[in-house]
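A.B. asks: Start from chain A and add chain B according to the hints.
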Amino acid sequence: MARRKSKRGPLDYAKSPWLIGFGLITFILLYAPIAQLIAFSFNDSKRNIVWRGFTTKYYAKAWNDPALVEAFVNSITIAVMCTMVATIIGTATALWLWRFRFPAKSAAEGVMALPIVIPEICMGVAVLVMYSRFGSWMRGVETGPLHWLNEFWAIWPPLNLDAFTIARIWNEFFSVWPLNLGAITAAHIAFSFPFVAVVVRARLAGFNREFEEASKDLGASEWQTFWNVVLPFMMPGVIAGALLSFTLSLDDFVITFFTAGPETNTFPVKVYSLVRRGVSPDINAASTVLIVITLVATIIAMRMQAPSKTEG
Amino acid sequence: MENWKQNKAVFWVTALPGVVWLLLFFLIPLALIWGMSFGEKTSIIDIEITGTLANYSRSFEAVYLKIIWKSIWISVISTAVCLAIAYPVAFGICFSPARWRPLLLLLVILPFWINLLIRTYALIAVFRTRGTLNFTLEWFWNLAFLDKLIGPFQPLELLYNNGAVIVGMVYVFMPFMVLPLYATIERLDRSYLEASLDLGASQWRTFFSVTVPLTMPGIISGIILVFIPMLGMFLVPDLLGGTNAIMIGNVIARQFKQANDWPFGAALSFLLMYVTFAALALRAFIGARMKGGVGV
Numbered sequence: 001m002a003r004r005k006s007k008r009g010p011l012d013y014a015k016s017p018w019l020i021g022f023g024l025i026t027f028i029l030l031y032a033p034i035a036q037l038i039a040f041s042f043n044d045s046k047r048n049i050v051w052r053g054f055t056t057k058y059y060a061k062a063w064n065d066p067a068l069v070e071a072f073v074n075s076i077t078i079a080v081m082c083t084m085v086a087t088i089i090g091t092a093t094a095l096w097l098w099r100f101r102f103p104a105k106s107a108a109e110g111v112m113a114l115p116i117v118i119p120e121i122c123m124g125v126a127v128l129v130m131y132s133r134f135g136s137w138m139r140g141v142e143t144g145p146l147h148w149l150n151e152f153w154a155i156w157p158p159l160n161l162d163a164f165t166i167a168r169i170w171n172e173f174f175s176v177w178p179l180n181l182g183a184i185t186a187a188h189i190a191f192s193f194p195f196v197a198v199v200v201r202a203r204l205a206g207f208n209r210e211f212e213e214a215s216k217d218l219g220a221s222e223w224q225t226f227w228n229v230v231l232p233f234m235m236p237g238v239i240a241g242a243l244l245s246f247t248l249s250l251d252d253f254v255i256t257f258f259t260a261g262p263e264t265n266t267f268p269v270k271v272y273s274l275v276r277r278g279v280s281p282d283i284n285a286a287s288t289v290l291i292v293i294t295l296v297a298t299i300i301a302m303r304m305q306a307p308s309k310t311e312g
Numbered sequence: 313m314e315n316w317k318q319n320k321a322v323f324w325v326t327a328l329p330g331v332v333w334l335l336l337f338f339l340i341p342l343a344l345i346w347g348m349s350f351g352e353k354t355s356i357i358d359i360e361i362t363g364t365l366a367n368y369s370r371s372f373e374a375v376y377l378k379i380i381w382k383s384i385w386i387s388v389i390s391t392a393v394c395l396a397i398a399y400p401v402a403f404g405i406c407f408s409p410a411r412w413r414p415l416l417l418l419l420v421i422l423p424f425w426i427n428l429l430i431r432t433y434a435l436i437a438v439f440r441t442r443g444t445l446n447f448t449l450e451w452f453w454n455l456a457f458l459d460k461l462i463g464p465f466q467p468l469e470l471l472y473n474n475g476a477v478i479v480g481m482v483y484v485f486m487p488f489m490v491l492p493l494y495a496t497i498e499r500l501d502r503s504y505l506e507a508s509l510d511l512g513a514s515q516w517r518t519f520f521s522v523t524v525p526l527t528m529p530g531i532i533s534g535i536i537l538v539f540i541p542m543l544g545m546f547l548v549p550d551l552l553g554g555t556n557a558i559m560i561g562n563v564i565a566r567q568f569k570q571a572n573d574w575p576f577g578a579a580l581s582f583l584l585m586y587v588t589f590a591a592l593a594l595r596a597f598i599g600a601r602m603k604g605g606v607g608v
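For the record, the sequence lines run as chains A and B.
For the first sequence, our numbering assigns the number 1 to the initial residue and increments by one for each residue that follows.
For the second sequence, our numbering assigns the number 313 to the initial residue and increments by one for each residue that follows.
Chain A on its own, in the form it takes in the complex:
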């Protein structure tokens, strides 16, 4: 680490050439593979080992691959839907845990943090099992163990709905785009809203509750206080949380891999199937686009979070 005999102050570790060198090498090793991936997306060579001149033809090729574009659009759609719902649920959860004292609160906090800590694959297979169970219940309403549902619905003659019709309507409803992505989106929301809650709650920790009391003393309703006092304060946290859930959803491979049916593809799942077949420049091009989108969202999110330190 630091050399013993030197003219530096004893705690001037940042000037230690060993430490600087070590850090520099780490940064280079961290970025070199990504830099190479981006550089080779512009490389005019199929085999991608030596530089043979600049080209953007692999971007055009990726753009003209309908399966890849469809997967990309699916991923963005899922990420947008996930962000909208996860932000609302996560913000509500943050407000709930920040504002109230209630029995078994620490247990509730622990359970809310569970999707953040458990291995992704456990959640992936769990959601897979649930969806397949749900699917077989839906198919089984006519004859299966849920037959009683049929009689139950038949009591309702004016609508003339039996369980079979309901199952059919349900299936048709969820086969229309973008609702056919609903199953994946619901799972994405489940693992990303706890992250939103953590970020928003961190922001709320710096909130002076006297403002809220003052607002209520001056006659504002619960809703007006929330809308005009609490929400503006926590907005940077909410935006940071939204962007976080956007990147989390866009990046997810494992959970989508287990929940996606054969006819719905997301970008990471599509890239996975391509990567298994080998390295090719159009994967580089498509990956570069995704890297740029994620990094822009992440940097904006970090900018949003930064001011909370100074104001708090």
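The set of hints was computed from the structure by calculation and includes no laboratory data.
Careful: at least some of the hints might be erroneous.
[Stated by the list, open to error] Here are the simulated DSS-like cross-link-like pairs (lysine-lysine), alpha carbons at most 27 Å apart as the crow flies:
no., chain 1, residue 1, chain 2, residue 2
1, A, Lys46, A, Lys57
2, B, Lys320, A, Lys105
3, B, Lys353, B, Lys378
4, B, Lys378, B, Lys569
5, B, Lys320, A, Lys216
6, A, Lys216, B, Lys317
7, B, Lys569, B, Lys353
8, A, Lys46, A, Lys61
9, A, Lys105, A, Lys216
10, B, Lys382, B, Lys569
11, A, Lys105, B, Lys317
C.D. replies: Relative to the frame of chain A, chain B by itself:
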């Protein structure tokens, strides 16, 4: 904080969305596979929950025990290497000029936000037989006229072995290790280091007897934060390890995809969950002891 009884309407409005969503799309699914882990297959599609422990005992058969053992040691080595790299990096960032710190920290964690699959794919391009690393080695080989002396360069088989998986794990998780380490080293009271140095301890002695013990909470958080996802990792062993370096994650995935043995897959994934819970309990226990015991 308000007592929930003072404003029940707001309490329920804020509580229900998260609770219901988590229940429907997280807790119920987990409960389902937990139940399934005690079940057995009665036909191709039917699974009956019989309360059997056969799935768990099957996990401890030699074939699977070997894979579990391998997952553990690969994760342990990768975690140790992560720590050995991340500690000096976090330490250096903490002692760098204050205006540089946010930028350096951002640079370390930025790769973490890039899609895991893309980062793993980037590594394949570096390590494959006709990849960047072999190409560079060949260049040096020819530069030293070794091709004239010994013969043409033989590309190294760097992918599809345990080493490749360890390198991949370290590459993917190192940024994650830096965060908790940075958080504790930054809060370190530097006068302890000065005192140790003034009293004649060497820099190394100070580091191992003062700095490391004082930053132990960060080290433990970092280890747990990185070790748990490594243990259940699916993508890295799948893409970099191939068939030679299978880990628990791959076995679980196979039970749910090709092998179609859901009860066994459920038991394996719950074994992973039990390990996770144990690790979290350990962290809570150590955290509580540190607060009470070591007064510094």
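A.B. asks: Determine for every hint whether it applies to the structure shown.
C.D. replies: Here is how each hint holds up against the structure:
1. Lys46/A <-> Lys57/A: Answer holds: Lys46/A to Lys57/A is near 11 Å, not above 27 Å.
2. Lys320/B <-> Lys105/A: Holds. Lys320/B to Lys105/A sits at ~15 Å (cutoff 27 Å).
3. Lys353/B <-> Lys378/B: OK: Lys353/B and Lys378/B at ~25 Å, within 27 Å.
4. Lys378/B <-> Lys569/B: Holds, at roughly 21 Å.
5. Lys320/B <-> Lys216/A: holds, 17 Å
6. Lys216/A <-> Lys317/B: holds, 18 Å
7. Lys569/B <-> Lys353/B: Given that 27 Å is the threshold and the Cα spacing comes to 15 Å, the pair holds.
8. Lys46/A <-> Lys61/A: Holds. Lys46/A to Lys61/A sits at ~12 Å (cutoff 27 Å).
9. Lys105/A <-> Lys216/A: Holds: Lys105/A and Lys216/A sit about 26 Å apart, inside 27 Å.
10. Lys382/B <-> Lys569/B: Roughly 22 Å separates the two Cα atoms, so the pair holds.
11. Lys105/A <-> Lys317/B: The hint holds at about 14 Å.
Figure legend: structure checked against the earlier numbered hints; every hint is met.
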